[in-house]
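There are 4 protein chains.
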Amino acid sequence: MALAAPLSGVVPPVCTPLDSSGEVDTASLARLVEHLLTGGVHGLFALGSTSEVAYLTDAQRATALETVVRTAAGRVPVLAGVIDTTTPRVLDHARSAAALGADGLVATAPFYTRTHPVEIARHFRRIRSEVRLPLFAYDLPVSVHTKLAPGLVRELAEDGTLAGLKDSSGDEGGLRRLLVALGGRHGRGRGPAPDFSVLTGSELTVDAALLAGADGVVPGLGNVDPAGYVRLFDAARAGDWARAAEEQERLVRLFDITDVGPEADMGRSSSALGAFKDALRQLGVVDRGDTAFPQVLLDEPARHRIGQLLREAGVLRTP
Amino acid sequence: MALAAPLSGVVPPVCTPLDSSGEVDTASLARLVEHLLTGGVHGLFALGSTSEVAYLTDAQRATALETVVRTAAGRVPVLAGVIDTTTPRVLDHARSAAALGADGLVATAPFYTRTHPVEIARHFRRIRSEVRLPLFAYDLPVSVHTKLAPGLVRELAEDGTLAGLKDSSGDEGGLRRLLVALGGRHGRGRGPAPDFSVLTGSELTVDAALLAGADGVVPGLGNVDPAGYVRLFDAARAGDWARAAEEQERLVRLFDITDVGPEADMGRSSSALGAFKDALRQLGVVDRGDTAFPQVLLDEPARHRIGQLLREAGVLRTP
Amino acid sequence: MALAAPLSGVVPPVCTPLDSSGEVDTASLARLVEHLLTGGVHGLFALGSTSEVAYLTDAQRATALETVVRTAAGRVPVLAGVIDTTTPRVLDHARSAAALGADGLVATAPFYTRTHPVEIARHFRRIRSEVRLPLFAYDLPVSVHTKLAPGLVRELAEDGTLAGLKDSSGDEGGLRRLLVALGGRHGRGRGPAPDFSVLTGSELTVDAALLAGADGVVPGLGNVDPAGYVRLFDAARAGDWARAAEEQERLVRLFDITDVGPEADMGRSSSALGAFKDALRQLGVVDRGDTAFPQVLLDEPARHRIGQLLREAGVLRTP
Amino acid sequence: MALAAPLSGVVPPVCTPLDSSGEVDTASLARLVEHLLTGGVHGLFALGSTSEVAYLTDAQRATALETVVRTAAGRVPVLAGVIDTTTPRVLDHARSAAALGADGLVATAPFYTRTHPVEIARHFRRIRSEVRLPLFAYDLPVSVHTKLAPGLVRELAEDGTLAGLKDSSGDEGGLRRLLVALGGRHGRGRGPAPDFSVLTGSELTVDAALLAGADGVVPGLGNVDPAGYVRLFDAARAGDWARAAEEQERLVRLFDITDVGPEADMGRSSSALGAFKDALRQLGVVDRGDTAFPQVLLDEPARHRIGQLLREAGVLRTP
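Residue numbers (the UniProt record's numbering), protein chains in the order written: chain A, 1 to 319; chain B, 1 to 319; chain C, 1 to 319; chain D, 1 to 319.
Quick caveat, the hints were computed from the structure, so don't treat them as lab data. Any given hint could be a false lead.
Distance condition first, Cα-Cα at most 27 Å in a straight line; then the derived DSS-like pairs of lysine-lysine [claimed, not checked]:
no.	chain 1	residue 1	chain 2	residue 2
1	A	Lys147	C	Lys147
2	B	Lys147	A	Lys147
3	A	Lys147	D	Lys147
4	C	Lys147	B	Lys147
5	D	Lys147	C	Lys147
6	B	Lys147	D	Lys147
Quantities reported herein were computed from a predicted structural model and do not represent experimental measurements.
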């Protein structure tokens, strides 16, 4: 399906449920997609960082994307992450994603290598010219170790290379400056890149991003509570900022599930992605909450605490 | 004067005007304080990073603080930065600031040395116990190269060590989590640290911080347009978030003055602080816009561009 | 062929020559392997960072490795880089490398994801248990953004998980501590991991690493002057440290070729790898000096300067 | 006394013993200076990072420097650290150090502020022109968070601004390139800056630095075992690199004392400086091993382990 331009709303990065042998659990994944659609989301982002794309083999990536596209069945657009170190490898993923029916692509700057703004521009332009799908830049310095320069994003927005930006840089001041440069809260349509979509990946400050004029959000926590993020988005669209902020506060409290895995014992991927997946298990959406190897699994006390937090947030209603 | 608890509103970090020999220009500084008070600010922060505290000798620090305190004359409280590498050196500054009449102190974690959360806690507790003034923690990783852990801030808030936090970490998600933990938008009074003040130093996202429940802002750009930040604060207090966001957008555009000094020729301090000070010169508030040695001075084209931006933002009305 | 244990000597990371369409130029690659063997190297490292592994598709990786293995024909062992984000993806590369005849594997810690020492240990152990080839850990924080902890390396050396370490961390003090812990200059055979090989990737301080007890070196610059590194190694083995240091000095001067590409115009990969490859072109070893997309190519003045430096170092003798 | 040019040999950064109230213990400090001179050191560096300069008030700095100068009594030159955030504050320290009889100054680039190479050059030039003592640049990115660019160091060496460099950057490859550019192992006298002194602060790789042509070393561990570093230096000067490396290995093992303070409980300053000072206490040189506030003190098991390591290294001979 053609993407709306600009793309807006709640577009969660879809977790990838795994079975006991570490393979993609397609039945659970299909149920997760239905869970998200029931929650009212406006799009799906498959093969993102929250989808554990960096832990999936090429075959597993294809299985996951194919399952999301088939289950979504055109009800909402599906973006596909094409995450790899440099252009030639990203192009392989992009061609595969196009063949599997993705509606748009999401690519980072090159990583592992030492890169440069000139090379980053060449990278995005080549992806766009080789695979004719709308292209979103994914700004994720915590993984990529390069921050996309706002001037470069603007240039690539204005010349049509990029359809949008998924900003997970945490640089809210820089994001605000970009939004203002693109026309501000009321002027996107009259700005220099009227179809350009700005999505925040900062799930704890969505009300702020929307107040600043962002088009939508890509919340990892949206796997667990898609309806909550949709309520937040609707309140913001209605100009009811107090209600948006209250919904955000509830989601901030729920985000405490990502801290139940002790830092001394595991990395942040293990604790945060493990929490999202175990919450989905407790909600009956997926069969298992396991994260991919070599991540460390949450133990029983951690899982118990997740259940408590789900109840406190009103997401889990069984005792 | 006794600080309100929690301290709230617009509390600009006061620039330190210099004369042609690099000494504190006390007449210009006194005019700047009047300019800020006329703009309606709720407090003054002397000897902060924007005040070029790191460039001032101890004698110059004393002159600057004494001038601010004397000019403020109790109309608003004056916080004093006590910025140095470790506790023994900070204590010297703190005793001096108390003697000069400061109403509160602002200290960072230790820097230059390799430190630890246990040592940071000891640091703040010692400052608080040795000098009996309300103490604010200054979270500024770009200078200090340590991020204050939210758990530590909470602990020091709850046990009364800290009267508040000036958050310039840029970690808006972490700030939101702290605010929610302290009771959220409506619950500060009923939270675990009812008198604790949270001030953001992120001058480009003040509407967002206030929506999230922050008490106020410490905006460097507030030297140039104090009335703009006061309007932003008043709109937020009135719940008129659309108006707050529009005022913020105007200030974001004005912030472009900090980019007129080319990155290739100078550091970020030189360009940003130089822009604030030259804007004040063009507004007739201070005599000279020079920054302290070894910073690089803005050239004439840069100063011309600042004038244009001041006019576009409605701050400078003369042709 | 079975690897000597510990592996020692000069083991250059083999550049991957490309043709005008960006595909692996197997004829040039075969000539490069002969050039290295003629220079006297003791092993070959295919698909390392200097091989532009991060820019090669899976198909190109296979072509390059197959060419190196076939050309080496058992004269020296061939290590293969298995560089990817996490264990499942690395295992795909490792199985492919084993099938193509590699004699050993070289893997980094997980990257792109946020990881943890416990996860890194699981990662190396799983690779070792799934693919039965000697495994070298590749410590390259500039790309991986994690430093391997010396204690973890020791543990994995002593329990037989790792056959060796390629240290490109630049932490020479840490490397020295590891070497001393493993028995020091004279005690490796009597140390806790007698077969463990320590190779430095720091091509500018090889004399120092050998003096400290390292077994060998993996020098990118060794593509250009393999005989020079072999002379350095031989002098060190003979205890002639003054001669080793003089050879090293000549190679340090030659390393200036990596600076001819201006920083303002390209990234460090483009300038350093471009210099190695263009030097090989000027030496008549490979047909073209082009680096992989999206790297920026060196211009004619840069190439001219490389020629001068090659002549000054005595590597290029034609006028 | 006039400094030799270039300054060479072992120049330890002198620890600052404290009494039970945290004041400088001048009697212990005088004994420490005698201990170092008895060990054969070629110079003394007071008020360096290892001296806890960042923890000393201005009054304490003066007391410490005055004690070192008076005790050295012209037997060896005394360098004084003038460590502060920017030029105006550094100049205050520099004038004080000159008045107290220092023979040379050691300054870092500006820190805490965001700086720039142009500003760093202005900084060193101003210090040199205002206070007429030989000036050493102190490259310590772990504290200063800026790496001195080799090109800038060369420029300031060649124009006479700098008398030398204390390199604690850990970038041994960069140091080697600088040494080669200055004429290499044999050519300093004929190089572009014949009087320029290069001292390494990397106490674990001194043999390597001397092999590369460095003039000397500033070893923190040299407080504990000055005679060991002098033996290392003498062996290197005699061209006996095997003996130099063996002495270095012994000192690497002794350096394990810096790890006895557990990372979970204290920062790296506390554990490393605490170890040096407690070792001096056990050797009978100083009365107490306490580090300055807010550092965490070593506990009894840690102190016991230090004693064992001192005995194993042959430094402490009593049972």
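Each hint tested on the structure:
1. With a CA separation close to 21 Å, the supplied pair Lys147 of chain A and Lys147 of chain C stays within the 27 Å bound.
2. For the hint linking Lys147 of chain B to Lys147 of chain A, the alpha-carbon distance of about 19 Å falls within 27 Å, and the restraint holds.
3. As the CA atoms of Lys147 of chain A and Lys147 of chain D are separated by approximately 21 Å, the hinted pair is consistent with the 27 Å bound.
4. For the hint pairing Lys147 of chain C with Lys147 of chain B, the CA-to-CA distance comes to about 21 Å; that is within 27 Å, so the pair holds.
5. At most 27 Å may separate the alpha-carbon atoms for a hinted pair to count; Lys147 of chain D and Lys147 of chain C meet this at roughly 19 Å.
6. Between the alpha carbons of Lys147 of chain B and Lys147 of chain D the distance comes to roughly 21 Å, so the proposed pair stays at or under 27 Å and holds.
The structure is consistent with each of the numbered hints, conforming to all of them.
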